[in-house]
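First to last, the sequence lines map onto chains A and B.
All letters in the first sequence, in the order written, are residues 1 to 144 by our numbering.
All letters in the second sequence, in the order written, are residues 1 to 405 by our numbering.
The set of hints was computed from the structure by calculation and includes no laboratory data.
Beta carbons are placed, not taken as given, at the ideal position from N, Cα and C, and that holds for glycine.
A hint or two may mislead.
[What the hints assert, rightly or not] One side of the interface only, derived from the structure: several residues of chain B facing chain A at Cβ under 8 Å:
1) Y130
2) G131
3) F346
4) L348
5) H349
6) P350
7) V385
8) L390
9) M391
10) L394
11) S395
12) R398
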Amino acid sequence: MRNRKAIVCTTPSDSHTWNLVILDLFLQEKDFNVVNLGSNTPYREIIETSKNFDPDLIVVSSLNGHAFQEGLELIRQMHSDQRMQFPPLVIGGRASTDPENEIFISKKLKARGFDETFFTVSSLHSFDAYLSQKFHTPLLSHAV
Amino acid sequence: MLSKFLSTQDSVYVQPRMGVCCIDEMRHRLLHLKESRFPVIGTLTIDSYTRTRHLKELEDALKKGLPINGFPIHSYPVSAIKEKITALQSRSFFIQLRHGTPQPEKLFEHMVECGLTLTEGGPVSYCLPYGRIPLKTCIKSWETACKNLSQAGEQAHLESFAGCMMGQMGHPALLNALSILEGLFFHQADLEDISLSYAQGYNSTQDLAAVSALKRLANQYFPKNLKWHIVIYTFMGLYPKTHEGHQAILLESLHLATFSKAKRLIVKTHEEATKIPSFESNFEALSFASEKQSSIGSIPLDEDEEEDEIIFTQSQKIIESVLDLGENIGNCLSMAFEKGLLDVSFCLHPDNAKKTSTYIDDKGYIRWSNTGNLNLDSIKKEKKVCSSRLMKDLSYNRNRFDKNL
């Protein structure tokens, strides 16, 4: 079975990088080949890389509170690019300081096309379970 | 002038990060610091719109009364800034402009026009940790920016941020090498008074060794006419959540600053873990750091001369491999990153080689797990970093200082 491929990225306004470093390593430990697009990722870069790299999953990590607006914009730009079908997209991190708001944002993002969202405290654990279910990767017991 | 002034002072000068939108409030805070009994340096931190040069968005935000997270230096007339801010400067009260701008040519030109002459950053240290602007572009920008700043003559002062790259997990040998290289870059761009930073790590004995090595490296590589001093930063990674934890980590950074005979300490506040600090929490941290100076000297800090020598030698090897590439430091920096002779661990910038990594050992020392293409063959390791280990390491200081309380 070939290794799965994943893109790790964030949104254009977000400068955080430790989250991207951790996710990159985490996915590699689950035998994904990872392309890490780094901080302040332009939408076009995600789209063009996806076309060239043909990943099984795009992972967007957002910590600066702009996940809602920028997550929607990413989906919008992807859908308006008619030249290809896009792989599943997931988004996680921190969408709001208000947990109820995060639930609302999750629902909206999923309705618009994100396959799953991971905005809770134990998001890495949920992400681990999602990967296990979708790609049959073994659960990493240390994921908290 | 800053280095010369500080060389006459026995105290460690404490300094906050501080910037607000309203010029009168900014003046009020700086005046409060100036009139306090602390050995203190004033700070003027600019806002993020100004930093990223989104001046149109800044104008819109100002019109709408939206919160601005720093001082919008381009939005006030030069005369107003001179009258209300610059006029506060004196022979013993300095104001440093802090900014995080990767391309500061216009900012430096403007600040000099306003009579402000102290600032910070660097072509590498303000390029790689943030965003995606090509390193070559930043290097060109900083060459011009430094020359703009040098128009202020002997008042001009530039602090290299290289000792703080990524905020944590940086190997002291690499950080020191970058500091020296940025210092040489500043000097080549006509600056004569600079400072070198070092961010508190996870074990102050290793930190003390690193700062000692940094001073020896500066003495070796800097020309005699380049004046310099050392500035310590209270830990910049995942910060303790408790008030007691904050005081303990701040005290440890003061301990380091005192024993290493650094001249300045940039403090953190107890609010750091959750929000942008208030003036009150800043004042509290400055007060604490000032008051504890006399007693902290009586608490011993273990030295590790072997570690000092190890860091010194590794830094030397890295520096030499970069200087070997040519005469122009800017070109050397660019080529060095291309070849991986400089490589900042865990930095995701497109121009970073991304082959080196570090971990924290049992003592709390930062160690290499992989030296990539750095000129350090003798200690090349090839250990793969584990995500759970890295997560644990990132929380090392938070756990260390919060857990006992």
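Results of checking the hints against the structure:
no., hint, verdict
1, Y130, "holds, 5 Å"
2, G131, "holds, 5 Å"
3, F346, "holds, 5 Å"
4, L348, "holds, 4 Å"
5, H349, "holds, 6 Å"
6, P350, "holds, 7 Å"
7, V385, "holds, 6 Å"
8, L390, "holds, 6 Å"
9, M391, "holds, 6 Å"
10, L394, "holds, 6 Å"
11, S395, "violated, 11 Å"
12, R398, "violated, 13 Å"
When held up to the earlier numbered hints, the structure conflicts with 11 and 12 and fits the remainder.
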